[in-house]
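Student: The residues making up each chain are set out below.
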Amino acid sequence: MTDVIPEDSVGIVEPQQLHIDEPLTLRSGKVLPACDIVYETYGELNSEKSNAILVCHALSGDHHAAGYHASEEMKPGWWETCIGPGKAIDTNLFYVVSMNNLGGCGGTTGPASINPETGKYWGPDFPVVTVRDWVKSQAMLMDRLGIQKWAAVVGGSLGGMQVLRWAISYPERLDHAICIAAAPKLSAQNIAFNEVARQSITTDPNFHDGHYLENNTYPKQGLTLARMVGHITYLSDSAMRAKFGKTVADFESDETNFGRDLRTGKLSFGFNVDFQVESYLHYQGERFSANFDANTYLLMTKALDYFDPSVDYEGDLSKAFTNGTCKFMLVSFSTDWRFPPERSRELVNDLLKAGREVTYLEVEADQGHDAFLLPIPRYINAFKAYLAQVHHEVCGDAS
Amino acid sequence: MRPDLDIIQQWIEPNSRVLDLGCGDGDLLHYLKTTKQVKEIGLEIDEQNIQRCIENGVNVIEQNLDKGLSNFQSNSFETVLLAQTLQALSNPDKLIDEMLRIGKKGIVTFPNFGNWKSRLYLATKGRMPVSKFMPHQWYDTPNIHFCTVKDFDALCSNKGIKVLTRTVVDSQHQGSWAVKSWPNFLGEIAIYHITRD
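Protein sequences, first through last, are from chains A and B.
For the first sequence, the numbering used here begins at 1 and goes up steadily by one.
For the second sequence, the numbering used here begins at 1 and goes up steadily by one.
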């Protein structure tokens with residue numbers, strides 16, 4: 001357990017639930033008759049309701065972005081680095097809203113929920129949801145919270161794509177769009193990795209065509225493999241070398257083993273786990289598979305693959321940004337090979353072409369795609385300074 | 001306020017779009033945003049300067065000017081600024097062309113290497129001038145393309161660039177009658193307002 005909750009944490013938080021009894025027509029044409037949305041909020045909404053920030057989560061995230069659910073909880077929310085009193089997203093200044101997206105497995109209606117029409121798990125019958133559908137449901141939550149306009153919508157990776165969609169679908173409902181380590185759409189390579197992940201899940205004998213919950217099982221092996229593949233794409237070569245090159249450096253002060261630390265100190269000459277990196281990936285994959293729903297993983301990767309707002313604008317994304325006046329902040333990281341800086345620059349150029357106001361940073365960081373979750377000083381300082389300006393602008397104070 | 005900013009701001013239309021190439025800490029754009037309500041974008045590569053721009057509430061894009069400006073549309077800004085950056089560029093002439101493609105008008109300021117102090121330094125000491133105003137040694141200077149007022153006049157004339165106004169000021173940034181009479185000899189900072197003919 002965490003003995004003492006750090007002072008710069010929002011502390012103990014409680015998820016809230018909202019039942020939305022309003023049909024939601026999805027991009028696919030299917031209709032979700034009603035849904036439950038689970039979300040958390042941090043900080044206080046001011047009387048003008050002008051200081052609200054929406055945080056959008058990425059593939060494996062959920063509504064629990066900051067703080068602890070109980071003092072026994074070991075790990076805080078997924079963006080504890082950035083959300084809290086005095087942090088980049090300063091909860092002394094802002095009211096932060098974070099919801100679990102539709103199709104998720106954190107409590108919002110998804111494949112692991114019961115379909116009221118059948119009384120059974122939705123499972124594979126849960127409709128394919130897109131980034132556009134998520135943003136639509138986030139707007140429904142926004143309406144019910146009485147918020148007219150977000151001071152900022154913020155997200156990294158798949159979360160950053162939701163930020164872009166907000167600026168396109170609801171240009172009048174946000175002042176700032178902060179999009180970190182994202183891309184205008186997935187590359188063939190990105191889709192290829194997602195397909196490997198999906199195949200490993202759907203070919204697991206315990207998948208049962210998605211009906212595993214009714215069979216009281218889950219595709220543990222498939223989901224583990226999917227996460228292992230995904231995890232490799234979140235780290236950079238240099239991050240892996242640093243992470244798995246410590247033992248040798250410690251004992252022999254030889255840092256040139258390319259991160260090939262051995263697990264037991266010697267080779268097994270068998271097909272066992274010899275290297276630290278292997279054991280790490282197994283651990284990450286297994287831990288993930290115990291806590292995440294396989295059908296949700298399939299849905300999330302499809303939402304990523306389908307994301308391409310330019311389809312409505314003859315393939316010219318700049319045209320998607322011609323409406324609205326919200327300002328943009330984009331950040332990329334030098335060793336991110338999942339969504340590298342070039343992809344963020346594509347976005348910057350489309351925004352410039354549309355005549356929008358943009359701030360863009362290319363941060364030197366060794367940590368790869370994961371960098372957006374980590375306390376990298378240059379990134380955090382810029383993020384914090386930008387949001388201080390946002391607060392100054394929307395709340396008219398001298399922060 | 002820097003007196004050269006005072007000269008520059010007179011040429012900026014209220015509510016216009018301004019692109020500042022090598023915007024430093026964003027002071028100039030911040031000033032123009034506050035006094036003229038311009039829609040601004042600054043380009044910069046220095047990390048500390050970028051951070052200062054954000055703290056100044058100025059839009060800034062991390063972009064290396066030496067890699068070109070092809071990501072900017074033609075005529076997308078009223079004014080493109082190049083303040084005290086010309087001498088540090090790999091291809092200043094190409095960037096001037098780009099400036100006037102992207103902006104309807106350009107403003108260029110640079111240290112005048114033809115100033116009498118530089119001439120005297122070189123003439124008497126036989127070494128590259130180092131001063132408070134040009135503090136670097138020849139080997140570590142970011143300023144790789146120094147020019148004089150006469151050189152820049154010649155570049156404009158070769159390229160068919162129209163000089164709307166040329167102001168030359170001394171270290172106090174004052175344009176006395178003497179500085180106006182012998183700009184290339186007395187002027188320390190040259191400020192040009194240019195456009196395509």
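Heads up, a few of these hints could be off.
[Stated by the list, open to error] Simulated crosslink set (SDA-like; lysine to any residue; CA at most 25 Å straight-line): (1) K384(A) with P14(B); (2) K353(A) with L164(B); (3) K353(A) with K36(B); (4) K33(B) with V394(A); (5) K319(A) with S76(B); (6) K185(A) with Q73(B); (7) K319(A) with E78(B); (8) K33(B) with K302(A); (9) K319(A) with G68(B); (10) K353(A) with C156(B); (11) K36(B) with V394(A); (12) K94(B) with E342(A); (13) K49(A) with G11(A); (14) K67(B) with P340(A); (15) K353(A) with I144(B); (16) K104(B) with E47(B); (17) K36(B) with D175(A); (18) K302(A) with C35(A); (19) K33(B) with E357(A); (20) K220(A) with A242(A); (21) K36(B) with A385(A); (22) K353(A) with P14(B); (23) K75(A) with E357(A); (24) K36(B) with Q389(A); (25) K33(B) with C395(A); (26) K319(A) with K266(A); (27) K302(A) with N291(A); (28) K39(B) with E357(A); (29) K353(A) with K94(B).
Honestly, the hints are just simulated from the structure, not real lab data.
Please read all numbers here as calculations on a predicted model, not as lab measurements.
Student: Does each hint fit the structure? Answer for all of them.
Tutor: Against the structure, the hints come out as follows:
no.	hint	result
1	K384(A) with P14(B)	violated (30 Å)
2	K353(A) with L164(B)	violated (28 Å)
3	K353(A) with K36(B)	holds (23 Å)
4	K33(B) with V394(A)	holds (17 Å)
5	K319(A) with S76(B)	holds (15 Å)
6	K185(A) with Q73(B)	holds (23 Å)
7	K319(A) with E78(B)	holds (21 Å)
8	K33(B) with K302(A)	violated (43 Å)
9	K319(A) with G68(B)	holds (24 Å)
10	K353(A) with C156(B)	violated (28 Å)
11	K36(B) with V394(A)	holds (20 Å)
12	K94(B) with E342(A)	holds (24 Å)
13	K49(A) with G11(A)	holds (23 Å)
14	K67(B) with P340(A)	holds (18 Å)
15	K353(A) with I144(B)	violated (32 Å)
16	K104(B) with E47(B)	violated (29 Å)
17	K36(B) with D175(A)	holds (21 Å)
18	K302(A) with C35(A)	holds (20 Å)
19	K33(B) with E357(A)	holds (13 Å)
20	K220(A) with A242(A)	violated (29 Å)
21	K36(B) with A385(A)	holds (23 Å)
22	K353(A) with P14(B)	holds (22 Å)
23	K75(A) with E357(A)	violated (37 Å)
24	K36(B) with Q389(A)	holds (19 Å)
25	K33(B) with C395(A)	holds (19 Å)
26	K319(A) with K266(A)	violated (58 Å)
27	K302(A) with N291(A)	holds (20 Å)
28	K39(B) with E357(A)	holds (8 Å)
29	K353(A) with K94(B)	holds (21 Å)
Of the numbered hints stated above, those contradicted by the structure are hints 1, 2, 8, 10, 15, 16, 20, 23 and 26, listed in ascending order.
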